[in-house]
Each structure stands twice: as structure tokens, then as C-alpha cells.
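Chains A and B, in that order, give the protein sequences.
Read in order, the letters of the first sequence are residues 1 to 408 in our numbering.
Read in order, the letters of the second sequence are residues 1001 to 1408 in our numbering.
Just so you know, the hints here were simulated from the structure itself, not pulled from any lab data.
Where is the CB? At the ideal position from N, CA and C, for every residue including glycine.
Possibly wrong hints are sitting among the right ones.
To be verified - In silico BS3-like pairs for lysine-lysine, Cα to Cα no more than 25 Å straight-line: (1) A/144 x A/71; (2) B/1071 x B/1144; (3) A/130 x A/95; (4) B/1095 x A/354; (5) A/95 x B/1354; (6) B/1130 x B/1071; (7) A/95 x A/71; (8) B/1354 x A/130; (9) A/354 x B/1130; (10) B/1130 x B/1095; (11) A/130 x A/71; (12) B/1071 x B/1095.
What the hints assert, rightly or not - Computed beta-carbon distance windows for the label pairs: (13) B/1103 x A/384: 34 to 42 Å; (14) A/12 x B/1036: 37 to 45 Å; (15) B/1174 x A/367: 29 to 37 Å.
Claimed, not checked - A few chain B residues that don't get close to chain A, going by computed Cβ distances all over 12 Å: (16) 1048; (17) 1115; (18) 1145; (19) 1149; (20) 1273; (21) 1334.
2 protein chains.
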Amino acid sequence: MGKYPVSPLAPAAFPELPVIRGASFATVAAGVRYAGRTDVMLALLAPGTQMAGVFTRSSTRSAPVLDCQAKIGGDSEAGAAIVVNSGNANAFTGKNGVTATEAVTRGAAEALGLPVERIFTSSTGVIGEKLPAERITAKLDELKAALDEAAIAVAAKAIMTTDTYPKGAAAEVSINGETVKIAGIAKGSGMIEPDMGTMLVYIFTDARIARPALQDMVSAISDKTFNCITVDSDTSTSDTLLMAATGASGVSVEAGNAAFEEALHGVMLDLAQQVVKDGEGATKFVEVTVTGARSDEEARIHAKSIANSPLVKTAIAGEDPNWGRIVMAIGKSGAEADRDLITIRFGDVLVAEKGWVAESYREEDGAAHMKGQNLSISVDLGLAEGAATVWTCDLTHGYIDINADYRS
Amino acid sequence: MGKYPVSPLAPAAFPELPVIRGASFATVAAGVRYAGRTDVMLALLAPGTQMAGVFTRSSTRSAPVLDCQAKIGGDSEAGAAIVVNSGNANAFTGKNGVTATEAVTRGAAEALGLPVERIFTSSTGVIGEKLPAERITAKLDELKAALDEAAIAVAAKAIMTTDTYPKGAAAEVSINGETVKIAGIAKGSGMIEPDMGTMLVYIFTDARIARPALQDMVSAISDKTFNCITVDSDTSTSDTLLMAATGASGVSVEAGNAAFEEALHGVMLDLAQQVVKDGEGATKFVEVTVTGARSDEEARIHAKSIANSPLVKTAIAGEDPNWGRIVMAIGKSGAEADRDLITIRFGDVLVAEKGWVAESYREEDGAAHMKGQNLSISVDLGLAEGAATVWTCDLTHGYIDINADYRS
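Make a model of the complete structure from these sequences and hints.
Dropping the structure here:
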């Protein structure tokens, strides 16, 4: 943290996050790996809080991820707590990983008077080093004493590894004339020191939502937000999203409530895009939209193929409206396409249609769009109605600088 | 060509390629795009020559690729010819692409007295620009007059786009006391000017082989050679491999002849590895072997996931023995793995076993291996007997320099 400058794509300021009744936060400098900064956060959640989660699909996922997944459907009566440390991912640490996770969850359960099944932990940082769990457990009483409903912004800082800025987003929703609030924080995808690639997301609401409805909402919206971003096609062993609904507002939200879903979608999309905007070495934020595919899933395959192509991403870094590479990325994706039906646009500029460059296209128009900081690439395949949008950044010398550094 | 220095991984010299009876070559400077160099090659193949081919699976493949694919099974009586131009890929050029391919094949058929069905063409270079076919057809008589059995080495140069060195390989095989010869040339994967990413491979033998046997051999060996290399995970619209068996030695090779297959495998692997060694910005050549997978196909998925990971490739560029990123790449591949059974080696150095760093591992041993120019990464998954090897290069600032340049 601090080794690299703040991303040029960072928001102007950290947003004002509302107090979520039933959720309080504390942070501490436990010295897990970093010196001179907070590196452990505790979130305490009121009795009755419903938890939902989405986790990495990696087959080499970390001990804390496996522990969270096992607990996510549990009884909510007692409340819950989330303990997160930065600096050490506790991933690929063999049996030590399980031992360390157990030590933290058992310690937190005792300190907070909660069942161990209601303690959710995440670890982010270096892979393959033993987590010094005792440094975390030694600070649990201090954390408990410091709990504060207004401390979510400092929590966003404690979970950073090599992020260049903390990430937060919030929304308010009116339900039958009453207001519920949503606030979320996220970290990633720095990768600024080797082995640090985890994305962690924590979202809180004071709405009262049944667990199945909450999980359905979180899973569905994740697919359209966090599962639609890519920095470099690499997937962490520790990615975790947890959402807590405390119910403290007394306002019930039923499954399928459009206003709440829209607000939650907004918060999750904002956080997801903030993660991309902190991508290693990023100088451009790029929205890739594919329409006219055989299905939404095929549209996403094409969009991801474009967004992950090193040749597309380096062309964007070079401000080159290189539509030939878009054609290449569509061709290699494995999903269906007909070369002679493809239409490509950069922003509003029609670049190619019917399998060749558009008659109206002038290279300087494409080049002008590429000079912006927020770019859009749209492809219509002309086959059917499938559509998808993904978000990515460019591939620059900064990425190589950051990731070819020897760990030290 | 010439804009970037010769790859540090290039062979010391272009190999001595034998004359293949029944095959003759000519090159010319036609000015398709480049000035001051040869850019069209003609190979004329004797009557009875059997042709086999392997082509890009891209759904946006170019007009010459589609034309070659349609012709590959045709009657061999009349002989055949291969016409290749560099500088323009004739890809994503709409109807113009078909028109230009027809002009070249018809012109060559007339000049050489061959049926148009026996003229195979490839084009490599910029995507999306109209191919000036007339510049090629104007030179066909000159090419015919220059045909020379010994000119295969100059042919290797004419097909280069932004390769930093020409690529050739050869073998001799003894079949029942008689000798047959194999010689091949390849180009790729420069990408040194945007839109130039085609891999072209032409292999010639004077053995007599029936077309189905030849095609089976070429397809099977391609899967273990050219389909096991990756520079940047991007797939060209024009990749083409053609093999011609002239039969001029009078020596018959039957399907399944182990000596011939081994020799052909050697030539194809050599050419494939030369393509990787000319990867954009490459400074390290890396062999990735995965064993113990559920199947050979699952082993290849894991190996490709490692070889294509930007984080693994930048770590290699930084000479960082970053085994955590190997674990990450295995985890994200989608193929089966059990975190706690994985063994990882860099060269002979045991790095990780049973889900954690090996007790015997010393970081300086891993670091010492990474300082070499030819690296090996081996992963055993401990699940079953599936195995695969792929070859790749590192991801360096050179790649960004080359590909973030604006086309000009």
C-alpha cells in the first residue's frame, strides 16, 4: 500500500456511507504482516441477521473460504460476526490453514459470546505462508471494545492489501413509505505485490429479508456485476462476497422486491466497477457489450473473450482503435459467430458492419474515442437476442512493473 | 521486420534444409505491403502429391483459410501449388476477400497449368484491408520461371511478417533401407505490428503417403505440437498448416509407421517451439508439464491455464519462483484438482507437496532455476494418469511495447 500511486480511475472521494442499524465495526493494527496500519476488521451483526454469500469457484480455495461456505446456511438467531485480516491469505497452507481458521473463529466466538458457526472469516494477502492467528486473537477484546456503528469507512481501509484506494458504495430504498439502507465495502484487485489478488466484498442492510430470498438476490446480482468484471483473467483462491441483512429497520423486503433489487444492483455494480478501476496498471475503464448472440451466456463468452484478450487490452492502452483484434477475439471465443454479420462500434462510432470496415468509418473518429478514459466497445452479432456486458481495464507497462517484481 | 531485435531465444543459425524431390520454390518482391523485401512465395508440387492440412478453429477465419479447407481433400493427380503472401491477411474483408482469393488461385492455375482446385493460398499480415491481388498475379510468371528445388530457405523468409527470424526444421527417415526426407518452414507469432498474428506452417516430404494416412498423422501430431503452444492465448483468423507428400522418393510410408511419425513429430515440435521462441517480447522459454490428472485433456486444460496466466508469465519475466500463482492457475482452470494432493517442481527443485510448500524447499533454489533461459514447471495432481506438456514464453515489457504501438 502506498508503493504505487492511486489509480487515475479512482473516484474523486470515498462516498458517505450510512449507518446500518444492527451492524457495528472495529479495526486494529495487529501486525499480521504489515507494520504501521490497520489490518484486521471486525463486523458484529445483531441477533436475527441473515447472511448470504458468494465464493470463488477455484478448486484450490483457501481454508477460510471453505469454512464460510460451510456455515453460510446456518441458524441466524444469535447474530453473527465477520473477521477479516489483510497481509496473509491463509491459502495453500495445508493443515495449518484449517488450524489457523479454527483459532480465529473460536477466539471470536468466545470474545463475542456467539456460536462458532456464526463467525465468518476472510484472509487476504500472501499465499502459502502460515497465518499467525495468535496476532489476531490477541486483539479480539480490543476490537470488541472499539465496535462503532459509524466505523464502516475505516473497515474499508483495514481490508486493503495493495489496493490504491478504499472502495465503498451505498443506497437507500423506500419500501411502503419506510426507508431501508444498504452499504457495502470491497477490496481488490491490486495484485500489486505478488500473490495478492483476492477480491473481498461485504454488504450490509438493515432490511429484514429471509435467508433464501437474500441468497437468491445476491447470487443473481453477482452474476451481472462481480462475475462480469475482469482485470487479467486470473481468479483468486480467496474471493468472497458476504451480505448481512440485520433486519434492524423492522422493514420487511420480500423476494422479488424490484426497488430493493435495483438498489442492491447499483451498490454491487458500483463496487465491482471500483475494483476494475483499481486494476493493476489500469489507465482506461472499458465497457464491452455484446448483443445479438445465440444466448446471454454466449454473449458473455464473447464479451469475456474480448475483455481478456491481451492484444485487445494492449491496443486500448495504445489508444489504437484496432477493430481487427476485436474480430480475432470473437473468432477465438468458442461461441457462435458469423463473420459476415458482425457489427462493431467504439462509443457511437460505427466501425465495422457486414464483415468489413463500415463505409462511413474514418480512422480519426475511432482514434478520438480511444483517447478517452471511459471507453465502450459494442459488438452486435446479428444472430439472435442474447446480450451481456462486462467491464475491464487496459493492459499497460504498469501491469508488468507491478507483477514482474520479485516478492520482497 | 527489423524494427525489433532478433529474439534472444532464436536458434544460433537457420538449419540446413534438404532438397525434397518433387517440391520446388520461388519468391519475389511483389510490394503487397512491404517495400524492399520478398513477400510472395510459390511452392510447386509434383503430380501425385498428397496434401493434408490443419486450420484455425476461429469462427472469423479468413477467405484463404476457408478456400484451403474446402480443397484439402481433392484429387491429387495433377500435382498442386501453394501461394503465400505476407503483409496483408485478407481477413475480415467481406466479399472482397473471396474475390481476391479467387483472383490469385485462378491466376496461379493458369500460369502453372493446374486445376484451380489444386491451388492453396495463405495470406498473413494486416486484418481488414483489401488484398491487392493484382500485385501478386502480376508476378506469377516471374515466380514460375524462378522455381528451384533448393530455394526452401528463401521461402521461409518471404512468409515472415514481423517474425524476428525465419523458422525451419528437417529430418531424414530410413524406411526399409531407403531414405525419405522431411523439411518444414513456419512463421509466427510476431504480432509485432498490430493485426499480425498468423501462424503459417508448410511441411514437405518426398515420401509416398496416402492422403487419409497423411491427414491423420498431421492432425494427431498437431494436437501434441502446434496445439500445445501459446504466446498470449490469442488465436489468429488465419492459422494454417499444410503438408505435402510428393511421393518422388518412390518410398511408401504406411499409416502408423513409427519411424516416420517420430521424425515428423520432431520437425513439427521444433517448428512449434521456434514459434514460441519468437513470441512477442519473450526472454524465457517455458515447458509446463502436468501429470496425475483425470485425463490427458484435463492435464492440458491445467497446463494451458498455467501457461496463459498473465500472473504466472509476469512472475517468470521477473525471475520470481512464485509457486502461489501456479496454485491459483490450477484452481481457476475448471478441470479437477485437489489442493492437498498437488506437487509442484521448478526444474528438479521440489517446491510444494501435499498442499503446502515442501519442507526441503529453499527459496534460493527456486530462484536459481528461474534465472535460466529455458525453464520447466512440473505439476503432479495426484489424481490419475492424465498428462500433457505445453510450451510458452514469459510476459514482458517487450510485449506491451510491441502491441500497444499504434498501427502505422
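Self-check item: Restraint check for residue 1095 of chain B with residue 354 of chain A, where alpha carbons must lie at most 25 Å apart
Solution: With Cα atoms ~10 Å apart, residue 1095 of chain B and residue 354 of chain A stay inside 25 Å; holds.
Exercise. Take a look at whether the Cβ-Cβ distance between residue 12 of chain A and residue 1036 of chain B falls inside 37 to 45 Å.
Key: For residue 1036 of chain B against residue 12 of chain A, whose Cβ atoms are near 53 Å apart, the range 37 to 45 Å is violated.
Quiz item: Can we confirm that no CB of chain A comes within 12 Å of the CB of residue 1048 of chain B?
Solution: 35 Å, holds
Exercise. Decide if the proposed pair is consistent with the structure: residue 130 of chain A and residue 95 of chain A, CA atoms, cutoff 25 Å inclusive.
Key: 10 Å, holds
Quiz item: Is the hinted pair residue 1071 of chain B and residue 1144 of chain B satisfied, with a Cα-Cα distance of at most 25 Å?
Solution: 22 Å, holds
Quiz item: Should the label of residue 1334 of chain B as a non-interface residue stand, given a Cβ cut-off of 12 Å to chain A?
Solution: With a cut-off of 12 Å, residue 1334 of chain B comes too close to chain A, as the shortest Cβ separation is near 8 Å.
Self-check item: Nearest-CB test (12 Å) between chain A and residue 1115 of chain B
Solution: 27 Å, holds
Quiz item: How does the Cβ-Cβ distance of residue 1103 of chain B and residue 384 of chain A compare with 34 to 42 Å: does it lie in that range?
Solution: For residue 1103 of chain B and residue 384 of chain A the Cβ distance comes to about 35 Å; the hint holds.
Exercise. Would you mind confirming whether the straight-line C-alpha gap from residue 95 of chain A to residue 1354 of chain B stays at or under 25 Å?
Key: Satisfied, since the Cα-Cα distance of roughly 10 Å is no more than 25 Å.
Exercise. Take the C-alpha atoms of residue 130 of chain A and residue 71 of chain A, compute the straight-line distance between them, and say whether it is at most 25 Å.
Key: 23 Å, holds
Self-check item: Restraint status (C-alpha distance of residue 354 of chain A to residue 1130 of chain B at most 25 Å)
Solution: Holds, at about 15 Å.
Quiz item: Hey, residue 1354 of chain B versus residue 130 of chain A, does the alpha-carbon distance stay inside 25 Å?
Solution: 15 Å, holds
Checked against the numbered hints given earlier, this structure breaks hints 14, 15, 21; the rest are met.
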